[in-house]
Amino acid sequence: MIPNWKVSRVTWRAPVLAAGLCLAAALAATAQDGGAARPSALASLVIWMPFILKGFGLNLLMSVLAMGFATVMGVILGFMQISPVALIRVPARLVTHLFRNSPWLVILFAIMLLVPFQMTLPGVGRVMIPDWVKATFGFALPVMANISEILRGAVLSIPSGQWESAESLAFTRGQTLRHVILPQCIRRMLPPWMNWYALLTLMTPMAAILGVDEALGNTQAAMEAAGARPEFLIPFYLFLMTIFFVFIYPLSVYTRRLEKRFAVAS
Amino acid sequence: MIMSPTETWSPAQPIVSLHGVHKSFGTFEVLKGIDIDVMKGEVVCIIGPSGSGKSTLIRTINGLTPVSKGSVKVEGIEVHDAGLDKLALRRKVGIVFQQYNLFPHRTVLQNVMMAPLLVLKENRKEVEARARALLEKVKLRDKEEAYPAELSGGQQQRVAIARSLCMRPDVMLFDEVTAALDPETVKEVLVTIKDLAGDGMTCMLVTHEMGFAREISDRVYFTDAGRIVESGPPSQIFDKPQDPRTREFLSKVL
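Respectively, the protein sequence lines represent chains A and B.
The first sequence begins at 4 in our numbering and counts up one residue at a time.
The second sequence begins at -14 in our numbering and counts up one residue at a time.
The set of hints was computed from the structure by calculation and includes no laboratory data.
Just to be clear, a hint being listed does not mean it is correct.
Interface residues of chain B toward chain A, partial, derived using beta-carbon atoms under 8 Å [to be verified]:
1. Leu69
2. Lys71
3. Phe82
4. Asn86
5. Ala100
Over 10 Å on every C-beta distance to chain B, these chain A residues come out as not near it, computed from the model [stated by the list, open to error]:
6. Val88
7. Pro94
8. Ile110
9. Gly126
10. Ala169
11. Phe174
12. Val183
13. Pro195
Derived contacts from chain A toward chain B, CB cut-off under 8 Å, selection only [stated by the list, open to error]:
14. Gln121
15. Val158
16. Ser160
17. Glu167
18. Ser168
19. Glu170
20. Ser171
21. Gly177
22. His182
23. Pro186
24. Pro208
25. Gln223
Keep in mind it's a predicted model, so treat the numbers as computed, not measured.
Ideal Cβ positions, reconstructed from N, Cα and C, are used throughout, including at glycine.
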């Protein structure tokens, strides 16, 4: 530990400094523009908007597919985690903890490099695996592990009396899970599930590092193609952030409302 | 589906029969050798101080709590047999708990219908008719579309009784079913149980309602520290208790 090291000063000064520099750069760039017949930064943005939005479409597609996969696999893993059979429970617990406690980017790189870019399927021949599919899989794994934990927690939070009365009515374990426990878990799982969906969507630009043409990659490509002028930085990135915000914010408001409603109901 | 021991059982024999039942949780021995025989149509109450093992005792009868030693038989079926057909046993034995344990995400009618539909795979129309008749019997026909959270404790407990009865059991177990209720709703539940006993249902109750035990029972068992101290018809247990522990307990609660 370094004595007298003021975290607060560093944390607020750095972004303000960065923002100031960006603004100054943009202003300077505009000033230099002079009478040149180049389109303004804003006009460039308008031209490139459809391209960026198309990239955002891929972000949405990746997030929906990844969430679907993560939900199905996470629920299966979660049920495996509460199995009375150790041979089922222990591997499920291992997989859950492995993917829950690894950095997302590391998982993403591992999947990108470990999964081949093409596979030969019997009867189909060579099938190419696009990068964005691999990235989707990479995003799904950590979310899957977290959903597995959410399910396990939700099942454990159901009072033991529910199990006992179902058992006394001659329900099998499977019937009890399906008709008594799971329906009660869904209510408890919905808010954290939506939370994870929002997080997952916000993580999808990481795919840009690996060359997937999603919104962030397209934004950078657009700025490059439009002449790579420094005054592009603020409007282009601001636009990108705004698209995500417009999509995610209503979701998070709705999640909070659901949480409140369930808190009142139970 | 019918197991061979069932065929050898005849109604002249006890419908529920416990012999030398021991149960330990870790090193703590809750039941230290219990013998009870209940004939078909009998109403039996188990009374005694808290922690005497009454609830554990009644839960061994439908196999919810496995015994450590001894034998528990229902209609000749050994409950704690490794090869037990649990479905066969649980069709014969219904149980109602202190905390009702209704399924909160289902309506009253659905709660009552669920087990016969899912477990017995019976015809929906028949089950529905039976469920409605049972709700009529527990005087909750007008609440069939309500959810458990919308009902009072006493109403929930009556739904729980109807839910158990819809499986058409031969024996009903009641585990302190009025202990969690408000005093004013206790009576409606007791009336329901009394009606049931009047219809000839074999009932075993763990209860703290001494007046009710005296009124309804054919036989009362007084338990203390995992043993049956004294048993007999209610007039004997309540008016002429033989054992000093019974006398001490009754002097505290009556």
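- Assertion that isoleucine 110 of chain A lies farther than 10 Å from chain B (Cβ): At about 36 Å from chain B, isoleucine 110 of chain A clears the 10 Å cut-off, so the statement holds.
- Query: When the nearest CB of chain B is found for serine 171 of chain A, is that gap smaller than 8 Å?
  - Reply: 5 Å, holds
- Message: Min Cβ distance, glycine 177 of chain A to chain B: is it shorter than 8 Å?
- Response: 10 Å, violated
- Proposed interface contact between phenylalanine 82 of chain B and chain A, which counts if any beta carbon pair is under 8 Å: 6 Å, holds
- Taking the minimum C-beta separation from proline 94 of chain A to chain B, is that value above 10 Å? 28 Å, holds
- Was the hint right that leucine 69 of chain B lines chain A, CB cutoff 8 Å? 12 Å, violated
- Message: Less than 8 Å between beta-carbons is the criterion; does lysine 71 of chain B satisfy it with respect to chain A?
- Response: Holds: closest Cβ of chain A sits about 7 Å from lysine 71 of chain B, inside 8 Å.
- So, glutamate 167 of chain A near chain B? Judge it on the closest CB pair being under 8 Å. 6 Å, holds
- Item | Restraint check, 8 Å cut-off on beta carbons, for glutamine 121 of chain A near chain B | 47 Å, violated
- With a cut-off of 8 Å, does the beta carbon of proline 186 of chain A approach a beta carbon of chain B closely enough for the hint to hold? 5 Å, holds
- Message: For the restraint on valine 158 of chain A, tell me whether the closest CB of chain B is nearer than 8 Å.
- Response: 14 Å, violated
- Query: When you look at the beta carbon of proline 195 of chain A, is every beta carbon of chain B farther off than 10 Å?
  - Reply: 19 Å, holds
Figure legend: structure checked against the earlier numbered hints; hints not met, in rising order: 1, 10, 11, 12, 14, 15, 16, 21, 24, 25.
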